[in-house]
Structures are given as structure tokens and as C-alpha cells.
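> Listed here are the chains, written in short residue letters.
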Amino acid sequence: MSDLERTMAASASGMAAQAARIRLTTENIANADTPGYRRKTVSFEAVLDDTRDTRAVATGPVRLDRSELVRIYDPGNPLAGADGSYLGSNVDLVVEIADAREANRSYEANLKMFDQARQMASSLLGLLRR
Amino acid sequence: MNLSLLNLASALAAHASARQQVIAENVAHADTPGYRARDVADFASILESAPAFAARTTRPGHVAFGAEGGLEPHEAAAFGTETPNGNSVSLEDQMLRAAAVRQEHDMALGVYSKTLDILRTTVARR
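From first to last, the protein sequence lines stand for chains C and Y.
Position in the first sequence (from 1) plus 195 gives the number in the numbering used here.
With the first letter of the second sequence counted as 1, position 18 gets the number 11 in the numbering used here; the numbers rise by one all the way through.
The reader is advised that the hints may include incorrect statements.
Stated by the list, open to error - Some residues of chain C that are not near chain Y, with every Cβ distance over 12 Å (derived):
1) S206
2) M210
3) A225
4) V252
5) V257
6) G279
7) L282
8) G283
9) S284
10) M308
Claimed, not checked - Derived list of chain C stretches under chain Y, where covered just means 3 residues or more per stretch with a C-beta under 8 Å from a C-beta of chain Y:
11) 260 to 274
12) 292 to 306
13) 316 to 325
Unchecked claim - Among chain Y residues calculated to face chain C with C-beta under 8 Å, some are:
14) D32
15) L84
16) D86
Calculated directly from the structure, the hints in this document are not laboratory data.
Since we're looking at a predicted model, the values are computed, not measured.
Ideal Cβ positions, reconstructed from N, Cα and C, are used throughout, including at glycine.
The shape of chain C in the complex, shown without the other chains (with noise of 0.2 Å):
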């Protein structure tokens, strides 16, 4: 496997696994009001593929947010105990919308490194041609 064929793998793990994050932050907002809901996360770590002799990034476990859920005081739900009050989600939208703007641009990073390996690719095929 030549250099630039690791180098969109690289790429490419990087995409999938900012493809990962973005889909869980999207989850994330659409459950913003769903009552108990607690917000997933996941971790990125570096993984030595020795096969093909990268340094490819995955996405570890789906972990869920373990800060406090948000007591919401609303009588008249049907969830609402005998304080009148329920759990709601532990989602905090700046926060995800934060999150997900910065894996868009790690995604279009990865995305502009991939292109430009494919382009070093086809312009050195490009001598063949000639």
C-alpha cells in the first residue's frame, strides 16, 4: 500500500469517525425534550493499524452523560410526580451545537486532505499517460 493510499485511509477513518460524533449530536438535539433522556458521547482514540502501518482514529464506546438530569416543574404533565415536577433531558443545546460545528470542520479538514492525496495520486498516474 503506497503512502498516499494510507494517507486516504487515514482520511477516511477520520471522516467516519467525525461522521460518528456529528450523528450522535444530532441524536443529542432531536431528544432535547424527551423526558429522562441523557446525552450520549463518544471518545475518539488512535488506533496503530499494523497492517496497513497507519495511524487511524475510532470511535470508542458510546458513553452516556452522567451530570444531573433537569427537574422541570410542570403539574399539568401527564410524567409529572407528586411534587408536580419531572426529569427532563441533561441536554444542553449550545453545547451540542458547539459540538457539532467543530466536528463540520474536522470533517471538512479531513475531507480537504483526502482530496488533495487523491489529486498527488491521479497527477503521478498522470505521468504514465503521457
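Use these hints to put chain Y onto chain C, whose structure you have.
Same frame as chain C, but now just chain Y:
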């Protein structure tokens, strides 16, 4: 005579693609906690440090002699870019390096194809 020029150009292209790989890995790990940005030494310093008579590894079974190629990545990060989770990748810095790699690769291929053109002109029958 021109063959050494071709060797030089292909070494430059190989250096560019090795460096591209390291930079792409840095970008892929832009959000991995604890990841340190790496880079390959620039081509000029590799060329200067290369011994004049080095044993060449021409088969996969050969053991590299000394600093063969000198393309091993080492830790290199722009000053002051480390984030609280120990990651030292700056996307802006990496983009700058990627642009330099692109330029290096284009130059290598340009020199290579131009040299081939000259060779072809030399041997062409008119």
C-alpha cells in the same frame, strides 16, 4: 547524467507523499485527546544528512542501514496550540504544511516530466 536528476525528483515526490500521510494522520486526529502532532524532516535536511555511500535496501527482507531515507516522523507542533486535553494539532498549521507538500509534489512531478521531455528530445529522430 539526467538519471540522477530523475532519482532526485522521485525522492522528492516520495518525501512529499510520506509527509502527506503524516499530515493527514494529524488532521484525522485533530480531536483525539492526547495526540501529538508529527511531521517529517524537510527534504533539504534529509538530502544533506544522507551519506554518499549508503547501503540500499532493495528488497523487503533487507535491513535498513543507518537512517535509511530519514522519513521517520517526529513530534512537531506549532507553538502554543496545545488544548487542555493534551492534543497539539492545529488545523490551520496542518493546512499550511499540506499546501507546502502539494507544492513540493507538483515541483517533483514537474521536474520529472520535464527531464523525460529533454531525454526524449535528445533521442528523437528528426
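> Now look at each hint and say whether the structure bears it out.
Cross-check of the supplied hints:
1. S206: 5 Å, violated
2. M210: The assertion about M210(C) is violated, with a minimum of 8 Å to chain Y.
3. A225: Nearest chain Y Cβ is 22 Å from A225(C), so the label holds.
4. V252: Given a closest Cβ separation of 5 Å, the condition is violated.
5. V257: 16 Å, holds
6. G279: Answer for G279(C): holds, closest chain Y Cβ roughly 40 Å.
7. L282: L282(C) is indeed farther than 12 Å from all Cβ atoms of chain Y, at 30 Å.
8. G283: With a cut-off of 12 Å, G283(C) remains clear of chain Y, as the shortest Cβ separation is near 28 Å.
9. S284: At roughly 24 Å from the nearest Cβ of chain Y, S284(C) sits farther out than 12 Å, so the non-interface label holds.
10. M308: Violated, because the least Cβ-Cβ distance between M308(C) and chain Y comes to about 4 Å, which does not exceed 12 Å.
11. 260 to 274: violated (count 0)
12. 292 to 306: Three-residue rule met by the segment 292 to 306 of chain C, so holds; n is 6.
13. 316 to 325: holds (count 5)
14. D32: D32(Y) check fails; min Cβ-Cβ to chain C is 13 Å, beyond 8 Å.
15. L84: 5 Å, holds
16. D86: Violated, because the Cβ-Cβ distance from D86(Y) to chain C comes to roughly 11 Å (cut-off 8 Å).
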